[in-house]
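The listed protein sequences derive, respectively, from chains A and B.
First residue of the first sequence: 1, per the working numbering; consecutive thereafter.
First residue of the second sequence: 1, per the working numbering; consecutive thereafter.
There could be a bad hint or two in this list.
Said to hold, decoys possible - No farther apart than 30 Å at their CA atoms in a straight line, the calculated lysine-lysine pairs in the DSS-like style are these: (1) A/Lys-256 / A/Lys-4; (2) A/Lys-110 / A/Lys-170; (3) A/Lys-431 / A/Lys-315; (4) B/Lys-104 / B/Lys-161; (5) A/Lys-404 / B/Lys-132; (6) B/Lys-161 / A/Lys-315; (7) A/Lys-4 / A/Lys-32; (8) B/Lys-86 / A/Lys-404; (9) A/Lys-219 / A/Lys-170; (10) A/Lys-43 / B/Lys-161; (11) B/Lys-161 / B/Lys-132; (12) A/Lys-315 / A/Lys-170.
Stated by the list, open to error - Covered stretches of chain A (chain B as the covering partner; in silico rule of three or more C-beta atoms under 8 Å from a C-beta of chain B): (13) 153-159; (14) 190-203; (15) 230-239; (16) 320-329.
These are computed hints drawn from the structure, not numbers from a lab.
The beta carbon of each residue, even a glycine, is placed where N, CA and C say it ideally should be.
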Amino acid sequence: MTAKFDLNDDSVVVVVGSGAGGGTLANELAQKGIKVVCLEAGKRYEIADFVNDEWESFGQLAWTDRRTTSGSWRIATDFPELPAWIVKAVGGTTTHWAGASLRFQDHEWKARTTYGDIAGAALLDWPIDAAEMAPWYAAAEFRMGTTGTNGIPRLPGNNNFKVLHAGATKIGYKEVHTGNMSINSQPRDGRGACQQIGFCFQGCKSGAKWSTLYTEIPKGEATGKLEVRAECHVLRIEHDARGRATAAIYVDADGKIQRQRARVVAIAGNSIESPRLLLNSASSLFPHGLANGAGHVGRHYMRHTTGTVWGIFDKPVHMYRGTVMAGIVRDEARHEPSRGYVGGFEMETISLGLPFLAAFMNPGAWGRDFTSALDRYDHMAGLWIVGEDMPQANNRVTLSSEVKDQHGMPVANVHYDDHANDLAMRAHAYKQGEAIYNAVGATRTIVTPPYPSTHNLGTNRMSGRPEDGVVDRWGRSHEVSNLFISDGSQFTTSAAENPTLTIVALALRQAEHLAGLMSRNEV
Amino acid sequence: MHIADRTSNFDRRTLIVGSGTAVLMASAATLFPGRVLAQSVPTGLADSNSLIRMARDLFPHDRLGDDQYQHAIATIADQLAADASKNQLLRAGAALLDDAARRKYGRPYLAIEHEQDRALVLKTIESSDFFKTLRSGLVTSLYNQQTLWSRFGYEGSSAEKGGYIRRGFDDIDWLPA
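Chain B extracted, bound-state conformation:
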């Protein structure tokens, strides 16, 4: 059977559909906070190692590099840039995260060695607006990056390739007869 290539990474930027994207993002932002239609230029926020670590702890995939978490945060930051209160929420987030870490383990977030311990810190701030904004933003901005789809065996758009009628739509070969 045809197995999707998990290593190919085509350049996301060449595939961005430019026109109207900002409008679409804005109109649906309240429905799906953080949902994105294309990626944007990273901003200072995305350089926060704490936020990148938190993003990975929220949605840990060992097969993904930090750049993809960083890019997801940049997308959220870009999207929230126009909303001063939300933007401030993210900017204050790293400090809030460290406060929570100190309360639980007496040291800053990045100084906590194990993922499961950091997850327990995150548990303590689950109801905060900061956490909710970042989580709901990430679940769309992380997984909407076409560059990582192939790592999950998802092949994306197929119409321009003629669909799957001759490309393995029914090629499963391991089911019991």
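Only chain A is shown next, with the shape it has when bound in the complex:
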């Protein structure tokens, strides 16, 4: 029985966003008997609504509300209004994600200690560590049905993986497999096994891939404690004279402004919208934005050091058949400064359909050199690089002084400059990716610059000391005691791994902590 809570019910927890962080937190609180109102800006689609068509799906799911960009990253030139490729729909970006579920390596929780003082980087150790997170990772893996954990077999490798595996092992890489994927390799948790459809980015048509849309959210709703309100876009958070959050002001599906009162507010709108919401919540008590007394809201924006390598072969590959992220090479993920940079990177297969390959392979390109690669579309294999990028204070989300959205609120500007460490890592990763494909006879390799960011991190970072960040070790605002951050914006550093598993583990941990605070009347 789906709950329906009153706008004036000030005993509810308001969760903003329904993706990996918000959807998981909302369900977990509901399971503990806590009343939750989850406000989601996007519409509610179901599996049957998803389409195996790249542009049509983009129009359906992507967050295309206005944003602006600046900085030296190529995105500001090629896609100036699309800094990120993330989702506006119930389930958030868990509808779009590829499913890779990797734990951080132990040292990545302590980047400042491990890497030292890197010029231009604002590195900080997380206030938590691998030992503390281990049980939460285990809980997240069990929850999501991650392959290679809990006795769940890994997925079979598709053609794209087989090319990666053959090349990678030939040049000496050892840790090459089909990954730890939150995609069912066998029926589990009421969902079927992967049918190797492809189109993981467009919403999984079989439901084999974990998404909060059809796991956490309906389970939470079944408790009678969770109400998800779709098409409800939060404009700002209100507070009382003591500086405690009291309500979320939002525009509902009919365009009406509503005020949902709250005992606790948890924000999980991804790393662009979450800081934007705090900044748009500025008041006389919080003149620089809610929870922004130390000036860190919106800063330290990270997007991972990414890039793509394509190999073209004499014979067909058909990379688009089957799971998009079908396998991984982990050997370069370690911290090995002799390579010329700190931190490491993963290499994971990727495939795009013809329409998106044309749009993203080399934005702005034209002519026969470009089209001769597309002519070999079915002979291509692809891998995506995902590596740790450096937090920098001036890589940041700010409010546009000129552009406003459809609700009259200033939009986010996303500024990013690559750090020298990011550039050195990307150059090495491109070289290694090309070596993999050359080892199995590639006739041509092509490198593609980063796509609009799918991993958006760090803009409300976790810190031990209030002056270094926005939230404490529980994701709780240093400044506003009943305000929590529950998405990837709380990341202190990016690590090399795809972030979703860590976001889910942190949300499960935060739910237990928050439930304890509430039961003891400490919030």
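Position chain B relative to chain A; hints supplied.
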């Protein structure tokens, strides 16, 4: 191994998802100029042989017929129809192209025989709004035509066919053992 059939051309129009398409096109037009979700009725602009030639010179695929370039231009024209300044940009484009060709080779664009020479003409107008509008429009409207996907060995939507689990997701047979 199963090789995608490069010759089958199913009828694109039977597959168009009608409802809401115009809205989606409009909302994302600023993000990806020219991106399309379905095709539209050709307009007069698409009959311009110069623009069709330019489209082919921008994205030359010997396996594609002119009709597919023409259709891509029609899609862009249709999409920009509501924007008077952009629409004018395209309408003036053929003349701009011929001016550039005359400056470089002393004759109109279509009178230049070789693709590489025409590419050099295009180089000289790369920074113009006309060029940028047409290029960015084409890179989406050309490749989003389902009728040409099979020519590239791309099989498109697969869920309704049960995915590839029994249709060759792992059938590669030429890798070294």
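Which numbered hints turn out to be false for this structure? 2, 4, 9, 11, 15
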